[in-house]
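> Here are the chains, one letter per residue:
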Amino acid sequence: MSLDLSTRCLGLTLANPLVAGAGPLTANLDTIRALEDAGAGAIVLRSLFEEQITGRELGAAKHLYGHAPSAEAQSWFPDVDAFALGPDEYLEHVQRARAAVRVPVIGSLNGTTRGGWVHYARLIEEAGASALELNLYDVPTDPAADSIAVEDRLLGLVRDVRAAISIPLSVKLSPFFSSLPAFVRELEHAGANGIVLFNRFYQPDIDLEALELQRTLRLSDSSELPLRLRWLAVLSPITPLSLQASGGVHHGRDALKALMAGAHAVQLVSALLQRGPGHLAQVLTEMREWLLEHEYDSIETLRGSMNLKRCPDPAHYERSNYMALLGSWQ
Amino acid sequence: MSILVDANEAVASVAHRVSDVIAIYPITPASSMAEWCDEWSVAGRKNIWGQIPRVEQLQSEAGAAGTVHGALQAGALATTFTASQGLLLMIPNLYKIAGELTAFTMHVAARTIATHALSIFGDHSDVMACRQTGMALLCSSSVQEAQDLALVAHAASLESRIPFLHFFDGFRTSHEVHRIEGLDDEVLRGMLDEEAITAHRARALTPEKPVIRGTAHNPDTYFQAREAVNPFYDACPAIVERALERFAKLTGRRYRLFDYHGAADPERLLVLMGSGAETARETVDWLVARGEKVGVLVVRLYRPFDARAFAAALPRSIRSIAVLDRTKEPGAPCEPLHLDVLAALVEAERAVRVVGGRYGLSSKEFTPAMVKSVFDELARPQPRNHFTVGIVDDVTHLSLEWDAELDIEAEDVTRAVFYGLGSDGTVGANKNTIKIVGEETDLCTQGYFVYDSKKSGSTTVSHLRFSPRPIRSTYLIGKARFVAVSQPGLVERIDVLELAAPGAVFLLNTPHSPEEVFASLPEDVARGIVERGLRFHVIDAHKVASDVGLPGRVSTVMQGCFFALSGVLPREQAFAAARRAIEKTFKRRGAQVVKRNIDALELAEARMSAVPAPSVLPERRRAAVVPAQAPEFVQRVSAAMIAGHGNLLPVSAFPPDGTWPSATTRYEKRGLARETPVWDSKVCIQCNKCALVCPHAAIRAKVYGADDLAGSPAGFLSTTWKSGGEANARYSIQVAPDDCTGCGLCVAICPAKDKSNPRHKAIDMAPLDERRDGERANWDFFLELPESDRSELKLDVKHVQLAQPLFEFSGACSGCGETPYLKLASQMFGDRMLIANATGCSSIYGGNQPTTPWSVNKQGRGPAWANSLFEDNAEFGLGFRFALDQSVDRARALLGACAGALPEELVRGLFEADQSGELGIAAQRARVAELRRLLAAHKTREARALETCADHLVRRSVWIIGGDGWAYDIGFGGLDHVFSSRADVNVLVLDTEVYSNTGGQQSKATPIGAVAKFAAGGRSTGKKDLGLIAMSYGHVYVASVALYARDAQVVKAFAEAESYPGPSLVIAHSPCIAHGYDLTKSGEQQKLAVDSGVWPVYRFDPRRLDAGELPLAVDSGPPKARVADYMKNEGRFQAIAMRDPERYAELVALEERYIAERQAFHEQLAGLKLKSAIAQGAAL
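These protein sequences, in sequence, are chains S and L. Numbering of the first sequence is given in our numbering, commencing with residue 1 and proceeding in unit increments. Numbering of the second sequence is given in our numbering, commencing with residue 331 and proceeding in unit increments.
The following block holds chain S by itself, in its conformation from the complex (with noise of 0.2 Å):
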């Protein structure tokens, strides 16, 4: 029997779908190439983020020319022409990519506010990029900026991006809104292609001797995926939009259950740091034998089988889930 794993997602269609997801693994070249000979369907690449591009152009600025010049010194550092500042690396870095492999290679940005930086997704697009995610990675601590004024501030930026780019646009969110199904038609509307659900924010730690905050990043594990498995249920019948699921992927199986809430695609990255860029393939596989034995032929078939429209129970999904769960443990 034959057994289609193809996948349309932010138009694009993808051999299969399982997706590289941004991280370190994407921000080398010769796990790029690891990474499509291990069957990636898609390669999200390491994240441009907005303070990398303000940062390191106002600190360059300050740190490499703002010092008063003295009658014996002008400035303390060369000034060549071929002395460009910005993150311009990351752009090669994109053509670069593009031309190492044949699958759609997506560019990252990672930003909250509208500014000058957003010119970087043109940049990006002109880079080679098959398409964009954006990622609103946002912790809100100002008491005096409502939900409204966060989500406006966000949604401003997603036009600001889909202005500046031809290319589909998919935006990263994490699961902290008020209304997700209201905030994801207000992204379809400023002309985002896709939702990926959902990213993960650095937890810190707090280092009880210094008295200092520690910055750390723990991976992801399976236990992660019912959040996202929740979401994409409820998203998956009521939008239009592509849908991926990032952070508890591990094994065929999550895989497949995120398909079956609804994802187009499913996004790797701690379970392939974890176990090396070949790890992909042994997902790939799992899912394979599984869709083999269990008879579908296609990723179609599959595909939101088990939304909030499709499932058997959707009680589940929503909040009587939950007293059902509370009861369980009398």
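Do not take every clue at face value.
Unchecked claim - Straight-line alpha carbon distances no greater than 25 Å define the calculated DMTMM-like cross-link-like pairs of lysine to aspartate or glutamate that follow:
(1) L:K914 - S:D142
(2) L:K999 - L:E1114
(3) L:K809 - L:E1114
(4) L:K761 - L:D772
(5) L:K1128 - S:E209
(6) L:K1458 - S:D205
(7) L:K1417 - S:E209
(8) L:K925 - S:D152
(9) L:K702 - L:E741
(10) L:K376 - L:D615
(11) L:K1450 - S:D205
(12) L:K1417 - L:D1355
(13) L:K1124 - L:D1038
(14) L:K1083 - S:E212
(15) L:K873 - S:D142
(16) L:K914 - L:E741
(17) L:K873 - S:E51
(18) L:K1458 - S:D142
(19) L:K917 - S:E209
(20) L:K1458 - S:D207
(21) L:K702 - L:D733
(22) L:K1458 - S:E50
Stated by the list, open to error - A short, non-exhaustive set of chain S residues, derived as facing chain L with CB atoms under 10 Å:
(23) E92
(24) P175
(25) F198
As the list claims (entries may be wrong) - What follows is a set of in silico ranges between Cβ atoms, one per label pair, in the way DEER data are often shown:
(26) L:G1347 - S:D37: 46 to 54 Å
(27) L:S1086 - S:F177: 32 to 40 Å
(28) S:D37 - L:D1408: 41 to 49 Å
(29) L:D1408 - S:P140: 25 to 33 Å
(30) S:S179 - L:D1010: 40 to 48 Å
(31) S:H294 - L:S1086: 53 to 61 Å
(32) S:A163 - L:D1103: 52 to 60 Å
(33) S:A149 - L:S1086: 28 to 36 Å
(34) L:A940 - S:S178: 46 to 54 Å
(35) L:A1451 - S:G156: 39 to 47 Å
(36) S:P140 - L:S1086: 21 to 29 Å
(37) L:G1347 - S:D4: 46 to 54 Å
(38) L:T581 - S:A163: 49 to 57 Å
Hint data in this document are derived by calculation from the structure and do not stem from the laboratory. Computed from a prediction, not measured in an experiment: that's the story for all the values here. By construction, the Cβ of each residue, glycine as well, lies at the ideal position given by its N, Cα and C atoms.
Chain S is already provided as a structure; the job is to place chain L on it using the hints.
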């Protein structure tokens, strides 16, 4: 093609395009010529023959001259750039190059030679020291000429085989930004004779046709052979003349060997060369227009001096001549040009009265009024000879008077003066303004920028001229039509109206509204504005800059106001051009920087307001420049210099031998900080690290008795001292509010956090304004508290900080990483230190007047400090040691001679004192005091002689201090010799890994991966292991230290080094602005340097061998951080990462490997199995 350049860029552009090999060494004000060449070569720019010139930085100017000499001998077209002491170091090679008739051209931004004092500014004392070498000397007077004659020099040298030294005035010409006509490659090709180039290359040494050069001759032949060059020198002037004619044909610009300008039938004539000639021409035009028969003869080809051409250029009507020299040769019958003119006239049998005078030493102003005063003098029946002009000489009464109010500049010349801080971008914005006006109009433009010599909070004064005619005013603006002040505080410190012409526009950046601003001004400023009828405008430029996201960068705002107010360009055109200029200037700095600057420009005009005349003037007077209790010398001399009136001081004000008093920075209250640390005694753990790291000794700790608190100001903070000692001992941390620069290092390093609010530490930065008066009273009270008795202090970080710093309030950069080491040394040994200080940052913040940070204690003792040169500092300090040793021997001999009449115990004590520690030193000082008391009653000659040298019986500590440019490069040979000498000297290398003072050129201490000037692609050679080289002698104490990362080890290393009775070397990691990061993070970054092994921390003490121990102790431990993590935090490394990530990755790997190998080597060295060798008595 019109270009906006300074002379250094213009000259470098010519030299780079007509050279194969460029060997250089940085020196102000010539450095930027070499920097331009390096940057162009890195960027792949080619010479006119299609080759990228090879640019190489050497270890000294002597090295650069040797390299150039070698390159010439091997057939290259070579050049170099230098000035002042650097030129002196090249002289031996200049004789050789000339003696060998080598086509060669070098370019000199002429600068003062260090005599009673160093000066970075311009005069001809350096080039005049070369007039005997056989080099041709060709002088340019302006930026345009400097470019043009640079080419003529190259062309004439190739044809004549005489090497050319082309020079122009340092700063006044080298740094004057001027709109000139550029030279395209075709002109360069048209000027250079291909046959002469081929001939030059054919003279190269080659084994195919071998010859030898550099032979040795004996009395039989040397003389005749030396005379064989004569025909070449005889032919040279005509060759130059032909080259000038060719140049005129190609460009339309005509120069002559001697250019006369002035009346058709002049009677009085000035002869001079350099930038002063431009002012002389301008003044002559003005005088001739008023009917005076005057003229000026400008000398261009000074050597070979063509006496016949000179005589021919002299108008027949001349009756009297004044020859002006911009140099001083004490003891000579006349200055050099004067002498040459006299000789030429005698040989030409022309009977004309000739007098000579000096002007313009060290860039002293030379104005039309001074030119006129010389002409006036020539008109007298008996004009004075050997006069000076530009100063008031009330000692030998040689100076001419001049009319300081004379203003000959035409009304249609726009003259604008901008007062700013170095850090606020004023100079850069003004350069942009000149460019904009130059590009948008046919106006001639000129910019000249004056900096003070402080490295933190330095002020700049920009002088801008825009004229419909060529600008020849090579002097500062005296009557400005537009005066802008970019920092509100400057009105309190500087006479900002000094240069404002009546009716001028006066623009002030101030937070005050138009209605309130007058009340905020000092009385004299407010009155000046009203009385001179100034058109007063205000703008809150800091607010605008903050609003657009460029806090502190007020320059673009001020530029916007200038365009709106000055009318030099139509408003719309000006703003459109300014926007384009910002895009161009900041494009490579990123879109954010561009956008924010454009926002600042556009908001400026809208936020600016005209200020109506006030109904009443304020009464507040400016604070005195120095406090009333300052010593007489400071009141009379230093105060005038601080106030910017140093030009008015007469000769008699100055010590004739360059000897200046110590401890004077305490009277120069600069008030730079907006925020200063605030101490919370409840949170404080009394570690004193804040005081330890303060670069300016502006936060201090004291322990004192409770009784001492009597009369303390209400806000003075004090708490119980927790570390033992006397019962009821009290403790205070106090900040000097007017001396703190607000760098925040102390707060960053403070380890004591409030447990319920860890963001709050024992010291936090807080706005100063409202606390200033209280803190001043607190500081004054704190100073009066008793100092700790240094003989009782433990030698650890905490207690050493209770010793009085004898290095304080220097002008070093905010956050400087060098000065904390100097301060620490001064606390540990300051009352017995002699310091030999190499030229560099430390000699500038340590010795640049008006004030001196090296200080004295209550007994009047403190470090005695001197700077000789850059290259000889180790030897200079060695000389100190020899002299001291001789004095000690003399004192001991005299003591022996007097011993019979003195108590035996005292004499024995004096002879045998253990002075290895503070207690022993204090005891010996007491013995010497007793000795002096007893000697007073003795009548013998020996007793009188012993009184003169008895102080030498107290051990003195010789410190040889300098930066890595000195220790690793130019002074290394001497340093190496000092190591070999076994003399008891202490060498402290303040290692910033780059030439900091001259603007970030690489040294051999620059690490792999760092971008520096002359290493624009990132240095790929490992940092020289200076410590290892010193260790290889076996008898040298060596320590590598890092104050923020391992403070206890530094204190230990300093104490060990000082007590070691032979040469000691301490290499100190010194964070610097040239590393390209926020220096408040330098504590963390230095820890990373140590933890990653990038900066090893160790002590090598040969004394340990005697105890059967291994001499090397590696104190830094095994690496626990990654080299890459260290490198990612500094701009000097990240500059490569941003430009070329792959190369960066390679350099990181290279540095990791280098560090690992060095680490392994040090570990092996530390663990060497020396025991058997030691047991057998073998020395290392």
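> With reference to the structure, classify each hint as holding or not holding.
Cross-check of the supplied hints:
1. With a C-alpha separation of about 37 Å, the suggested pairing of L:K914 with S:D142 is violated against the 25 Å cut-off.
2. Proposed proximity of L:K999 and L:E1114 is supported: the alpha carbons are some 18 Å apart, at most 25 Å.
3. Between the alpha carbons of L:K809 and L:E1114 the distance comes to roughly 46 Å, so the proposed pair goes past 25 Å and is violated.
4. Proposed proximity of L:K761 and L:D772 is supported: the alpha carbons are some 17 Å apart, at most 25 Å.
5. The hinted pair formed by L:K1128 and S:E209 meets the criterion: a straight-line CA distance of about 22 Å does not exceed 25 Å.
6. Of the supplied pair hints, the one linking L:K1458 and S:D205 holds, its CA atoms being roughly 23 Å apart against a limit of 25 Å.
7. For the suggested pair L:K1417 and S:E209, the alpha carbons sit about 18 Å apart, so the restraint of at most 25 Å is met.
8. With a C-alpha separation of about 23 Å, the suggested pairing of L:K925 with S:D152 holds against the 25 Å cut-off.
9. The suggested pairing of L:K702 with L:E741 holds, with an alpha-carbon distance near 20 Å, which does not exceed 25 Å.
10. Distance restraint check for L:K376 and L:D615: the Cα-Cα separation of roughly 42 Å exceeds the 25 Å cut-off, and the hinted pair is therefore not satisfied.
11. Between L:K1450 and S:D205, the direct Cα distance comes to roughly 21 Å. Compliance with the 25 Å bound is thereby established for this hinted pair.
12. Under the criterion of a C-alpha separation no larger than 25 Å, the hint pairing L:K1417 with L:D1355 is consistent with the structure, at around 20 Å.
13. Among the hinted pairs, L:K1124 with L:D1038 is consistent with the structure: their alpha-carbon atoms are about 22 Å apart, no more than 25 Å.
14. Between L:K1083 and S:E212 the alpha-carbon distance is near 10 Å, which keeps this suggested pair within the 25 Å criterion.
15. A distance of roughly 23 Å separates the Cα atoms of L:K873 and S:D142; the hinted pair therefore holds under the 25 Å criterion.
16. Restraint check for L:K914 and L:E741: the C-alpha separation of about 33 Å exceeds 25 Å, so the hint is violated.
17. A C-alpha spacing of about 24 Å is found between L:K873 and S:E51, which places the hinted pair at or below 25 Å, so the restraint holds.
18. In summary, the hint linking L:K1458 to S:D142 is not supported, as the alpha carbons are separated by about 31 Å, beyond the 25 Å threshold.
19. With a C-alpha separation of about 46 Å, the suggested pair L:K917 and S:E209 falls outside the 25 Å cut-off, and the hint is violated.
20. Proposed proximity of L:K1458 and S:D207 is supported: the alpha carbons are some 23 Å apart, at most 25 Å.
21. The hinted pair formed by L:K702 and L:D733 meets the criterion: a straight-line CA distance of about 9 Å does not exceed 25 Å.
22. Simply put, L:K1458 and S:E50 have alpha-carbon atoms about 18 Å apart, close enough for the 25 Å limit, and the pair holds.
23. For S:E92, the suggested interface contact is upheld, since its CB lies about 8 Å from the closest CB of chain L, less than 10 Å.
24. Hint status for S:P175: violated, given a least beta-carbon distance of 30 Å to chain L, over 10 Å.
25. Interface hint at S:F198: violated, since its Cβ lies 29 Å from the closest Cβ of chain L, which is beyond the 10 Å cut-off.
26. Checked against the hint of 46 to 54 Å, the C-beta distance between L:G1347 and S:D37 comes to roughly 35 Å, which is inconsistent with it.
27. Taking the beta carbon of each, L:S1086 and S:F177 are about 34 Å apart, inside 32 to 40 Å as hinted.
28. Between S:D37 and L:D1408 the Cβ separation comes to about 43 Å, which falls inside the hinted range of 41 to 49 Å.
29. With their beta carbons about 27 Å apart, L:D1408 and S:P140 fall inside the hinted range of 25 to 33 Å.
30. Separation of S:S179 from L:D1010 is about 47 Å and conforms to the stated range, judged on CB atoms against 40 to 48 Å.
31. A hinted range of 53 to 61 Å for the beta carbons of S:H294 and L:S1086 is consistent with their spacing of about 59 Å.
32. Between S:A163 and L:D1103 the beta carbons are some 55 Å apart, a value that agrees with the proposed interval 52 to 60 Å.
33. Between S:A149 and L:S1086 the beta carbon distance is about 32 Å. The supplied range of 28 to 36 Å therefore holds.
34. Checking the proposed 46 to 54 Å range against L:A940 and S:S178 shows it holds: the Cβ atoms sit about 51 Å from each other.
35. Separation of L:A1451 from S:G156 is about 41 Å and conforms to the stated range, judged on CB atoms against 39 to 47 Å.
36. Roughly 26 Å separates the CB atoms of S:P140 and L:S1086, a value that falls within the hinted 21 to 29 Å.
37. Between L:G1347 and S:D4 the beta carbons are some 52 Å apart, a value that agrees with the proposed interval 46 to 54 Å.
38. Separation of L:T581 from S:A163 is about 52 Å and conforms to the stated range, judged on CB atoms against 49 to 57 Å.
Checked against the numbered hints listed earlier, the structure breaks hints 1, 3, 10, 16, 18, 19, 24, 25 and 26; every other hint is satisfied.
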